[in-house]
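**Q** Chains A, B, C and D, in that order, give the protein sequences.
Per the working numbering, the very first residue in the first sequence carries number 1; after that it's consecutive.
Per the working numbering, the very first residue in the second sequence carries number 1; after that it's consecutive.
Per the working numbering, the very first residue in the third sequence carries number 1; after that it's consecutive.
Per the working numbering, the very first residue in the fourth sequence carries number 1; after that it's consecutive.
What the hints contain is simulated information worked out from the structure, not anything from laboratory work.
Please note that the accuracy of each hint is not assured.
[Said to hold, decoys possible] Result set (DSSO-like, lysine-lysine): computed pairs, CA atoms no more than 27 Å apart in a straight line:
#	chain 1	residue 1	chain 2	residue 2
1	A	333	B	136
2	A	388	B	388
3	B	125	B	135
4	C	370	C	395
5	A	388	B	370
6	C	333	D	219
7	D	333	C	136
8	B	219	B	234
9	B	349	B	370
10	A	219	C	219
11	B	333	A	136
12	C	333	D	384
13	B	135	A	333
14	C	333	D	135
15	D	168	D	230
16	B	84	A	349
17	B	136	A	219
18	C	131	D	219
19	C	219	B	388
20	A	333	B	84
21	B	333	A	135
22	B	395	A	349
[Unchecked claim] Derived contacts from chain D toward chain A, CB cut-off under 7 Å, selection only:
#	residue
23	255
24	358
25	360
26	363
27	366
28	369
[To be verified] Cβ-Cβ distance ranges computed for the label pairs, FRET-style:
#	chain 1	residue 1	chain 2	residue 2	range
29	D	323	C	129	29 to 37 Å
30	D	183	C	91	51 to 59 Å
31	B	393	C	91	55 to 63 Å
32	D	106	C	171	51 to 59 Å
33	D	200	B	230	29 to 37 Å
34	A	383	B	230	53 to 61 Å
Note that this is a predicted model, so its numbers are computed, not measured.
Ideal placement from N, C-alpha and C gives every residue a C-beta, glycine not left out.
Below, each chain spelled out in residue letters.
There are 4 protein chains.
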Amino acid sequence: MAPAKKGILERLDAGEVVIGDGGFVFALEKRGYVKAGPWTPEAAVEHPEAVRQLHREFLRSGSNVMQTFTFYASDDKLENRGNKLSFTGAQINEAACDLAREVANEGDALVAGGVCQTPSYLSCKSEAEVKAILKKQLDVFVRKDVDFLIAEYFEHVEEAVWAVEVLKETGKPVAACLCIGPDGDMHGVSPGECAVRLVKAGAQIVGVNCHFDPMTCVKAVKMMKEGVEKAGLKAHYMVQPLAYHTPDCSCQGFIDLPEFPFGLEPRILSRWDMHAYAREAYNTGIHFIGGCCGFEPYHIRAVAEELAPERGFLPEASEKHGNWGAGLEMHTKPWVRARARRDYWENLKPASGRPLCPSMSSPDGWGVTKGHSDLMQQSEATSKDQLKQLFDRSKSQ
Amino acid sequence: MAPAKKGILERLDAGEVVIGDGGFVFALEKRGYVKAGPWTPEAAVEHPEAVRQLHREFLRSGSNVMQTFTFYASDDKLENRGNKLSFTGAQINEAACDLAREVANEGDALVAGGVCQTPSYLSCKSEAEVKAILKKQLDVFVRKDVDFLIAEYFEHVEEAVWAVEVLKETGKPVAACLCIGPDGDMHGVSPGECAVRLVKAGAQIVGVNCHFDPMTCVKAVKMMKEGVEKAGLKAHYMVQPLAYHTPDCSCQGFIDLPEFPFGLEPRILSRWDMHAYAREAYNTGIHFIGGCCGFEPYHIRAVAEELAPERGFLPEASEKHGNWGAGLEMHTKPWVRARARRDYWENLKPASGRPLCPSMSSPDGWGVTKGHSDLMQQSEATSKDQLKQLFDRSKSQ
Amino acid sequence: MAPAKKGILERLDAGEVVIGDGGFVFALEKRGYVKAGPWTPEAAVEHPEAVRQLHREFLRSGSNVMQTFTFYASDDKLENRGNKLSFTGAQINEAACDLAREVANEGDALVAGGVCQTPSYLSCKSEAEVKAILKKQLDVFVRKDVDFLIAEYFEHVEEAVWAVEVLKETGKPVAACLCIGPDGDMHGVSPGECAVRLVKAGAQIVGVNCHFDPMTCVKAVKMMKEGVEKAGLKAHYMVQPLAYHTPDCSCQGFIDLPEFPFGLEPRILSRWDMHAYAREAYNTGIHFIGGCCGFEPYHIRAVAEELAPERGFLPEASEKHGNWGAGLEMHTKPWVRARARRDYWENLKPASGRPLCPSMSSPDGWGVTKGHSDLMQQSEATSKDQLKQLFDRSKSQ
Amino acid sequence: MAPAKKGILERLDAGEVVIGDGGFVFALEKRGYVKAGPWTPEAAVEHPEAVRQLHREFLRSGSNVMQTFTFYASDDKLENRGNKLSFTGAQINEAACDLAREVANEGDALVAGGVCQTPSYLSCKSEAEVKAILKKQLDVFVRKDVDFLIAEYFEHVEEAVWAVEVLKETGKPVAACLCIGPDGDMHGVSPGECAVRLVKAGAQIVGVNCHFDPMTCVKAVKMMKEGVEKAGLKAHYMVQPLAYHTPDCSCQGFIDLPEFPFGLEPRILSRWDMHAYAREAYNTGIHFIGGCCGFEPYHIRAVAEELAPERGFLPEASEKHGNWGAGLEMHTKPWVRARARRDYWENLKPASGRPLCPSMSSPDGWGVTKGHSDLMQQSEATSKDQLKQLFDRSKSQ
C-alpha cells in the first residue's frame, strides 16, 4: 500500500506549488460529450472512459488536483430549461468521484469535490433552500471521502459565503473561488472585501476562477491577497483562469463577449502565454495554480514546465515536449529548426489569420443580475415567445 | 456477425458523402502523447488508450474513415535527427492498424492505411530506395487487411506517383493527396496536371490534404477536378485541410508561417467556419471530406451536421450539440439564450482578443527544396553548430 | 465699420456653442512649414501665406476662434537643443497675432493668444523665472490686443496655475487647458482637483487639450466639471483633443506611443468619429469645442455640421460637403451612390489596410518627469553620446 | 528672363528623376474646397488662393510637374447628376492653367494639362462624341501653352487610346495613365497589352495612376514595361498611385472598398511607406514618380528625400524635416529623442488604434461596367426612387 499523500494544506503550508487541472466542460464539449448551453456533467455516467482519459491527460501534464467532474451537477441546474437527463445529481456526482479517485491514485494527485453557484440563488430562493441544494452534493463527497472541497464559480460573494459555511461542516479543507475580476462581484464588492468575507466564513484557500484571462485573474487575486493581509488575516491563494484572452470584457467576463461560447477560438492562449501566466501567479504569491474553461492538457503542461525549477521536476508529458520548442531541432525543414529557441517563441506576436475580423469586441451588457425575471429558474424549455423577445432585444442593443 | 461494410469506392460510386477523420498528430500533441518536431506516432504502442479514445471521438463525430495512426512511421523518418525510439516502424504500424480496426468495428467506418512523403526523397535517394521504404509500411497494411490505402502529404508529385505505383500493387483502392495549394507542387506543377499524373498512375481518389486552410484546399481540388475532366479521365475527389486560417501562406503552406507549430491558436477555425467549408466542398463535387492538422472532433461534427441533409442522419455526438447553437436556449443568461440562432453565428466576426498582434504574418521563404543540403536526412541530432547557422540565417531573413 | 463681435464669455454665458480651430503644428508639418521635433512656429514669419491659408480653412469650416500660431514660441523653447532660428520669440508672436486678426476679421471669429508649458519648468527653474518667460509672450498679446487668452498644453497643474496667474494680470478672459486624461496630471492630481485649482487661480474657462483622443478628453473634462461643481464653483468648459485614436495610451498620452509623431496615420479620426465626439462633448455640457494635433479643416467642419441644429447654421465649407455623405448621390458608380446615407457611415468599421500591423501598441514608459536630467533644457544640440545612451536605453525597455 | 526649362522628354531621356505632384481633389476636399461625389475642380475659379497654395506646397516638397487642376472638368461631367455649377469647363480649365503656370515659374517645374475618362464613354457615346469632349479641354491647354499633356484615370484602354490620339494632334509630348492594377483594364486587357496599345497610339510616357496603393501600381507598371519591351517598342514610364493601402481591392480598386471615400483614414501611407515606394519604383525603371488621391505634400517630400542621392539635392521643404526623423533629436522627451533614427521608423508596424475594426474589408463588386444602365450619364439629380433601389441592392449584396 502506498504511503498516504500529503494533504492540500500540508502542501501549501510547506510552500509547495500545487498545480490544478484544466477545464472539463469546454474540453469535453469539443470532444463530443458535453452539451454547450446546459453544460451539465452527465458524461461521468454516460462516457466514463472519456472523462477518465481527460483526467489522465491532466495528471500526465502535471496536475496535483483531480477535480470531480461535477460542475453544475446540482439538481436545480440539471432540471433547468428542458434539459432532459435520465440521471440524478447523486448518480453523476458518485460516478465523478470514482473517476477522479481512480486517476488520482495513478499519480501524486488529490481529489477535490467541487460545487458552484446555483440557479436557485439567482431565482431568489432563500438561504436555507440554496444551502440545501449544496448540501445534497456534499453528502456524496463525504461518502466518497474526497480530499478537500472547492466552492467555485460564484458571481455573488453572498452565495459563496453560504457555500463555504455548508462546506465547513464536513471538516474537510475548503477552497473558495469567485468568478470575478478586479471590479469585484456583481454588486461591486471589491476583491479584497470578498476575500475577507470568505476567509472569515472559514475558507483556508481563496481565489478566482473562470470568466477572465490569466493575467486579469492574477490581478484580482492579488487584490484579494492585499485585502486579506490588510485585515490581519491569513489564507492561501489559488487561481484558475480562462485560457482565452479577454481584454475587452466588462465585469461579467467572457459570458458577455459576442464570441461566447462558439467563437472563442481566436482568443485561445498559446503555451507561451501560459509560461508568462505561471510566472506572474507565482511571483504574486499564489501557489495553487490551475485553469478553467479553455485549458487543455498542454496548457497545464506549460504551467508545470515554467515552474519546474521551483518544483524540481518536469511532468510526465514533457517527455513529449522539448523545452521552449527544443523538439523542433528534429524538424525536417531548416527554417523550422531555426525556431527551436526561447526568444523566438517568447517574442512572437501570433497573427489571427482573420483579416476581416477585429481584435476586440463590444461585450453585451444587459445589466440583469440576481432576481431579474430573465434569470429565473424554470424547468420547462425556453419557449418560442421567450426566444423571440430575447432576439428582438439583442437587435436593439 | 455484422454484414460486410460497403467499401470506399462503392460508397463514392453511389454518390454517398464519406466523412474523414481529423488530425491525430496535432490533437495528440496537445494531449501530451506526440512530440512536436519529429511528429512520430509511437503513441500507438506507448499509449494505446489515448489513440483509441481519439479514434472514438472522431467516430462519434461522424467519421467514416479511421486512418491508421502511422503518419511519418517510415523507418527513415523514425531515425531522423536523433529521435531515439525503442520501437520499429513495423511495431508502430501494426499497433496502429489494430486500434483503427477496433474502433472502426464500433461503427460505420473503414480502415485506411496511410503513407506519406519520406525524408529519403528529399535527400535525393533513388526511386528504388524510396519505393522500398514505402513498401515496408505497406507490408503491414496488407497483413492487417486495411480496407483501402491513402498516400498523403506529398509536396512533390513525382514522389506521390511513386507511392501510388507501390500502393497499387496491393490490389486495394488507392487515394492520393498532395499537400499543395492552387500554385501547385514544389516544382510548380499545377494542381490539374498533378491530379492527371496521379490518376494515370492508378489512384481512384485524388485530392489535397494539410498545409492550407479549408477554402484554399477546396480551390486546389477544384483545379484538380477540372484538370482530370479536361484530360477525359475519371476520379473521385477528397479534401482534408488544416483547421487553421492561412490567408498569408506562400506555396509551402503553414510550415512557413512564423506561428508554426506553437503559436497557431488564433488561427483555429470555429465550427461555423467548418459548416461553410463542408458546403463549399460538397458543392464543388468533393464527396470525401475530412480534416488534417488542427481538426478536433467538434470540427468533424460540424462537417457532419452541415451535410446531415445529404446524408440523412446526424452523428452520434450531435446528441451533445444543438443545431446552430440551439443548445444555448438552456443557458442561464438571457443574452446568451439570444444567441441560439443560425444568423448570429453565421455572421459573427470573432475577435482575437490580441490587440498587440496583427491579422497576418510574413511567411518564411528560404527557397530550399528537394536536394538542398539543409534538407538532407541525418540520423544524428542537429548539432549546436548547425543550429547556430540556422539561427543566424533566420535573423538575416 | 463692423459692429463689435461678442466676446468669448458673452457667447458662453449666452449658451452659444463656440467652435475652436484645429492643429496647426501637425497640419503645417505635413504641408512642409514646421519641423517635427522642435515644433516651433517660425512659419508665421517665414511663410505667412501658408499660415493665413490654414486659418482661412478653419474659419470656412466653422471655427469661431483663431488661435495665434504661437505654440512653443517662448524664448527658452526656441533656443532649446540646437534649434537655430533667425527670429526672436517676439517677432514670431507679433506676426502670428497679425495673421490671426486678419483672418478673424473675415468672419465671426475671435483671436486667442496662446501660451503653453515651458522647458524652464521641466528644468526646475523658479516660479519667478517661469512666469517671466510667459510674461514676455503676453506683452505681445496685449500690444496686439487679442480677444482672450488660452494657457494650454500643461502636464503639471502647478505650472498651469502660475500661467493663469500671469494671464489674469492682463484683464482679458482666461481659458486654461491641461493635456491630461482621466488619470490626472503628471503627479496624479485628479482632473477634478486640477480644475478647481485653475478656477480658483482665476480661469473662467477650463478644460483639456491634446495628448488623448476625443472621447478620452471629453471624459476628463467631465471629471473636471464634476470637481468644479462639487466645490461649489462655476466655470465654462472647453475641449480640444487629438484627432488620433489613443485607446492604448498611458498617462502621458500619445507622446509615449511608438507611432509618435511619424507613424500616426492609421489612427486619424474620420469625419464620422468627429460627429460622435461633438455630440458627446455637447451633451456633457462642454460648449467650447475644438481640436488639437491631427485636426484638419474637415474635422472641424464635421463638428460644426453635427452641431448645426444647435447653432442654427452650417459653416461655409459645407457648400462643398453633403450632409452625411449626401454628395455621393452624384457619384458615377452606383454602389458609391448607395453609400449616400447616414446609417452607412455611422456603422462603418473602417479597415486599416495593414494586415501586418496590430490594432494597439505598447506605449513607452520611461517614468521620467519634471526635474529628471533627461528633461533638462540645453541650448546646444543633443550630442552623439547623449543619443547613443538614449538608443541603448530604448532597446532595453 | 530665366533660361528655358528642360522639357519632360529631355529630362527623361537624360535619365533624370521627375517627381510628380500629389492628389488635388482629396486634399482640397479635406481643406473644404471640393465636393466629394462630383469631385469637380471649380475651386480653380472660386478659391484660387487655396489651389495656388497647394501647388506651392507640392513644389516646395520637390514636384517637377504642376498638373492643371482640371480633373473631371469636361462639360459632360460638370453637368452630371444635378451638380449645379455657375462656370463652364473652359473657364475652369483656363483658371487652372494660369495657377499651375504661376507656381511652376516659381521653381523647376513644368505644367501638364490633364484630361481623364468621360461619363460619355461609360454612356456608350460614339468615338467621335468622346473625342469631341476631350478636344474641348485641349483647346484651352493649347491656348495656354502647357508644357505637356497627361491623359490619366482611364479604366478602359479603348477610351485611353482615343484620348492619346486626340492629344497627339497638339504636337505636345503625351503621357497616358490607366487606373488599373496587375489584373488589367475593365475588360481584362493585361497591363502589358494596354501599354503596347498606348505606345502605338503615340504616347511617349505610359503608366498607371490612382485606384491602387503604391506597390500594386509599381507592379502594374512593371508589367507594362515588360509588355512594351517584349513588343520591341520604347517608352518612358510613370506611376502616380494612391496614398492608401489597398491590399483587399479587386480589379476596380479603392472605389469598391466600403471605406471609399469617407472612411479611408486608417489606410493612409506614412512617409516611411513612401520611401519604400520611391525606391521600388526607381529600381523598376520608372523615372516619373508622383502620387494621386491621398498624397499630401509630405508624401511627395518623402519621395524626393528617398531619391535625393539620385537627384543630387533635397527639396526646399526638407529644411523643415530631419532625414529619417533626425529632427526628433530636438524633442523635449528623451524617449522621443531615442526615435531619431532610420531603423526605428523603417521597422515600425504602426497600430490603428481601432481595436473594433478589422485590417481588411470585403470590397463591393456589383459587376457593372461600360454600358450598364446604372452608369448612364444623366444631367438631372439622382432621384429618390433611384436611390432607394440602390440602397436595397446594397443591402442584399
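**Q** So, for every hint listed, does it hold in this structure?
**A** Against the structure, the hints:
Annotation: proposed proximity of residue 333 of chain A to residue 136 of chain B holds, straight-line Cα distance about 24 Å (limit 27 Å). Proximity of residue 388 of chain A to residue 388 of chain B is assessed by CA-CA distance (about 63 Å); at most 27 Å being required, the pair is judged violated. Simply put, residue 125 of chain B and residue 135 of chain B have alpha-carbon atoms about 15 Å apart, close enough for the 27 Å limit, and the pair holds. A threshold of 27 Å between alpha carbons decides the hint, and for residue 370 of chain C with residue 395 of chain C the separation of about 23 Å falls inside it, so the pair holds.
Between residue 388 of chain A and residue 370 of chain B the alpha-carbon distance is near 60 Å, which puts this suggested pair outside the 27 Å criterion. The hinted pair formed by residue 333 of chain C and residue 219 of chain D meets the criterion: a straight-line CA distance of about 26 Å does not exceed 27 Å. With a C-alpha separation of about 24 Å, the suggested pair residue 333 of chain D and residue 136 of chain C falls inside the 27 Å cut-off, and the hint holds. Only pairs whose Cα atoms come within 27 Å are accepted, and residue 219 of chain B paired with residue 234 of chain B is accepted, the gap being roughly 19 Å.
Taken as a hint, the residue 349 of chain B and residue 370 of chain B pair is broken in the structure, with Cα atoms around 40 Å apart against an allowance of 27 Å. About 25 Å separates the Cα atoms of residue 219 of chain A and residue 219 of chain C, which keeps this hinted pair within 27 Å; it holds. Only pairs whose Cα atoms come within 27 Å are accepted, and residue 333 of chain B paired with residue 136 of chain A is accepted, the gap being roughly 24 Å. A hinted pair counts as satisfied when its Cα atoms are at most 27 Å apart, and residue 333 of chain C with residue 384 of chain D qualifies at roughly 16 Å.
Using a Cα cut-off of 27 Å, the hinted pair residue 135 of chain B and residue 333 of chain A holds, with the two alpha carbons roughly 25 Å apart. With a C-alpha separation of about 25 Å, the suggested pairing of residue 333 of chain C with residue 135 of chain D holds against the 27 Å cut-off. Taken as a hint, the residue 168 of chain D and residue 230 of chain D pair is honoured in the structure, with Cα atoms around 24 Å apart against an allowance of 27 Å. Of the supplied pair hints, the one linking residue 84 of chain B and residue 349 of chain A is violated, its CA atoms being roughly 33 Å apart against a limit of 27 Å.
Under the criterion of a C-alpha separation no larger than 27 Å, the hint pairing residue 136 of chain B with residue 219 of chain A is inconsistent with the structure, at around 57 Å. Distance hint between residue 131 of chain C and residue 219 of chain D is unfulfilled; the C-alpha atoms sit about 59 Å from each other, more than 27 Å. Pair hint residue 219 of chain C plus residue 388 of chain B does not hold up; C-alpha atoms about 53 Å apart against a cutoff of 27 Å. At roughly 19 Å between alpha-carbon atoms, residue 333 of chain A and residue 84 of chain B fall within 27 Å of each other, so this suggested pair holds.
For a cut-off of 27 Å, the pair hint linking residue 333 of chain B to residue 135 of chain A stands: about 25 Å separates their Cα positions. The suggested pairing of residue 395 of chain B with residue 349 of chain A holds, with an alpha-carbon distance near 16 Å, which does not exceed 27 Å. Of the supplied interface hints, the one on residue 255 of chain D is violated, with its beta-carbon coming no nearer than about 19 Å to a beta-carbon of chain A, more than 7 Å. Taken as an interface hint, residue 358 of chain D checks out: its beta carbon lies about 5 Å from the nearest beta carbon of chain A, inside 7 Å.
Taking 7 Å as the C-beta cut-off, the interface hint given for residue 360 of chain D holds, the closest approach to chain A being about 4 Å. The beta carbon of residue 363 of chain D comes no nearer than 11 Å to any beta carbon in chain A, farther than 7 Å, and the hint placing it at the interface is violated. A least Cβ separation of about 19 Å between residue 366 of chain D and chain A goes past the 7 Å threshold, and the interface hint is therefore violated. Here the hint on residue 369 of chain D is broken, as its CB sits about 26 Å from the closest CB of chain A, past 7 Å.
Between residue 323 of chain D and residue 129 of chain C the C-beta distance comes to about 35 Å, which sits within the given range of 29 to 37 Å. Checked against the hint of 51 to 59 Å, the C-beta distance between residue 183 of chain D and residue 91 of chain C comes to roughly 57 Å, which is consistent with it. In this structure the supplied range 55 to 63 Å holds for residue 393 of chain B paired with residue 91 of chain C, their Cβ-Cβ distance being about 58 Å. Checked against the hint of 51 to 59 Å, the C-beta distance between residue 106 of chain D and residue 171 of chain C comes to roughly 45 Å, which is inconsistent with it.
The hinted window of 29 to 37 Å between residue 200 of chain D and residue 230 of chain B holds, with their beta carbons roughly 35 Å apart. Separation of residue 383 of chain A from residue 230 of chain B is about 56 Å and conforms to the stated range, judged on CB atoms against 53 to 61 Å.
Figure legend: structure checked against the earlier numbered hints; hints not met, in rising order: 2, 5, 9, 16, 17, 18, 19, 23, 26, 27, 28, 32.
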